[in-house]
Amino acid sequence: PSRLGLAASSVYGGLEKAKATRNGLCALMSTEHAILTFVSMVNCEPEFARFFLEANDNNLELAVQNYFAAHGGNAATDPSSNQEGAAVPEGLPGYEQPVRAPIAQFNDTLIDHDPAMRLPQRPVQTAAAEHPLEAFRDFKSEADKPGMAPSSEVFGLSKKPRNLAEIYRPPVELCFSGTFEQLREEGRKLSRWLLVNIQSPVEFASQQLNADTWQDETLGAVIKANFLFWQQYFDSTEGAKYCRYYLQGSTSFPHIGVIDPVTGQLVKSWSGFKDAERLMDSLVNYADTPPKDVFADEAMPDAAATTDAGGVAAAGEEAELAAAIAASLHRAEDAPAQAAPEAEWPAAPEMPAQGEPETLVMRVRLPSGQQWQQTFKLDFTLHELLCAVHHLSGHALSTNKAYQLATQGAAPLTQPTATLRSMGVSGRVAVNLSEVN
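According to the numbering used here, the sequence shown holds residues 91 to 527 in order.
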């Protein structure tokens with residue numbers, strides 16, 4: 091019995107061992123079959139299929155569902171796509187964030203070579219200043235009655251402004267309508283100083299000038315009698331031109347300036363808000379000495395329109411001229427018989443053509459009273475100008491005498507080596523050439 095029991099136990103152990111081996115082989119065959127099935131379904135490498143199946147507890151159905159969910163329902167179509175460097179689903183070891191393709195190269199212009207061409211150009215401003223950024227202006231009501239101020243009194247009672255547009259309205263009744271060149275021409279004709287106000291719509295001091303300074307009745311009377319008032323915004327066409335010529339990059343606004351219409355010189359300037367009283371104290375000094383274009387061609391009076399007063403004035407001038415000539419002749423007779431010999435004037439320098447850069451046009455009043463106009467270079471000295479006058483104007487100058495060149499609003503030029511540029515004039519200017527005693 092013991093031998094039979096031992097044999098039975100050995101047989102049973104062998105059967106269990108064989109059964110375990112068979113189960114292991116079945117499990118191995120099932121795993122290999124699952125791997126092959128996974129590879130055929132998703133088109134990947136066996137190693138990746140084995141790893142993916144183990145991650146899903148060797149559940150083929152679950153592994154396939156998770157794979158397609160991670161890849162958007164599309165399987166790989168290129169067998170080589172899962173070779174070395176193949177994409178790994180997000181969340182699994184070896185996954186790398188995809189890198190976008192580089193942006194293609196291109197050429198473009200960041201900033202235009204001429205920034206001024208990109209600025210919006212507004213039409214020429216001829217009336218009182220206006221601007222789209224202005225916060226307190228009613229341009230429609232101003233355009234309905236250009237140049238007219240609203241009545242300040244009604245039946246003897248003071249009329250209060252109804253809104254901000256009336257409080258900060260520009261002095262349209264004072265403003266000159268036209269360009270700066272037209273303003274200068276009118277100033278020369280009327281012998282009036284030019285009062286220029288350059289404003290900025292974003293500076294409240296500009297609004298204060300309109301509300302307080304320019305609305306002052308006394309100051310308005312002084313301006314009307316002695317000045318031509320011109321108001322512009324700094325970024326308008328005419329305002330920008332004025333800023334380039336006179337302010338040279340200054341951004342301090344509002345700007346108030348007094349211009350000589352004859353020479354075009356800026357003789358006085360202020361920046362910021364100025365009350366009417368202080369501004370009038372300064373302007374009165376210019377009102378007492380109006381600018382005069384002493385070299386302007388005087389129109390011959392019509393014989394029929396000549397008054398007796400004009401005839402008396404002309405006779406008085408002729409008498410003074412005759413007396414001056416007689417005194418000059420008397421001094422010439424009393425002069426010593428032997429005068430110092432005069433040296434010869436050097437040849438006149440080569441004169442530039444009108445319109446060349448670094449030049450200006452001068453209308454010269456000669457010592458004889460005649461007028462002569464010529465284009466000169468700004469680098470010409472006083473001595474070179476005298477040589478040109480002597481040889482080209484028809485008026486002979488003496489080398490034994492000293493001469494000076496003077497113009498309105500500038501110091502006289504007396505040194506022979508001083509240049510015309512040192513006078514601070516440009517463009518067209520009238521000058522007086524006289525002898526220095």
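Simulated from the structure, these hints should not be mistaken for lab results. If you're wondering where the values come from, they're calculated on a predicted model, not measured in any experiment. Some clues are possibly wrong.
[Said to hold, decoys possible] Simulated restraints on C-beta separations: (1) T341 - L468: 25 to 35 Å; (2) S342 - P439: 35 to 45 Å; (3) A437 - K314: 47 to 57 Å; (4) Q272 - A295: 40 to 50 Å; (5) S267 - A295: 38 to 48 Å; (6) E434 - S372: 31 to 41 Å; (7) D198 - T308: 57 to 67 Å; (8) K314 - P439: 41 to 51 Å; (9) P457 - K331: 29 to 39 Å; (10) A377 - H473: 22 to 32 Å; (11) P380 - T308: 36 to 46 Å; (12) T504 - V451: 20 to 30 Å; (13) G445 - V357: 26 to 36 Å; (14) P380 - T341: 26 to 36 Å.
Think of the CB as a built atom: it goes at the ideal place given N, C-alpha and C, for glycine as much as any other residue.
Verification of the supplied hints:
A hinted range of 25 to 35 Å holds for the C-beta pair T341 and L468, which are about 28 Å apart. About 41 Å separates the C-beta atoms of S342 and P439, a value consistent with the hinted range of 35 to 45 Å. A437 and K314 have their C-beta atoms about 53 Å apart, which keeps the hinted 47 to 57 Å range intact. In this structure, Q272 and A295 break the distance hint of 40 to 50 Å, their C-beta atoms being roughly 27 Å apart.
Judged by the Cβ atoms, the range 38 to 48 Å given for S267 and A295 is violated: they are separated by roughly 24 Å. The hinted range of 31 to 41 Å is not satisfied by E434 and S372, whose Cβ atoms lie roughly 50 Å apart. Taking the beta carbon of each, D198 and T308 are about 60 Å apart, inside 57 to 67 Å as hinted. Checked against the hint of 41 to 51 Å, the pair K314 and P439 passes, with Cβ atoms roughly 47 Å apart.
About 37 Å separates the C-beta atoms of P457 and K331, a value consistent with the hinted range of 29 to 39 Å. Between A377 and H473 the CB atoms are about 39 Å apart, so this pair departs from the stated range of 22 to 32 Å. As the Cβ distance of P380 to T308 is approximately 19 Å, the hint placing it in 36 to 46 Å is violated. The hinted window of 20 to 30 Å between T504 and V451 holds, with their beta carbons roughly 22 Å apart.
Between G445 and V357 the C-beta distance comes to about 27 Å, which sits within the given range of 26 to 36 Å. A hinted range of 26 to 36 Å for the beta carbons of P380 and T341 is consistent with their spacing of about 32 Å.
Hints 4, 5, 6, 10, 11, counting from the list given before, are not met by this structure.
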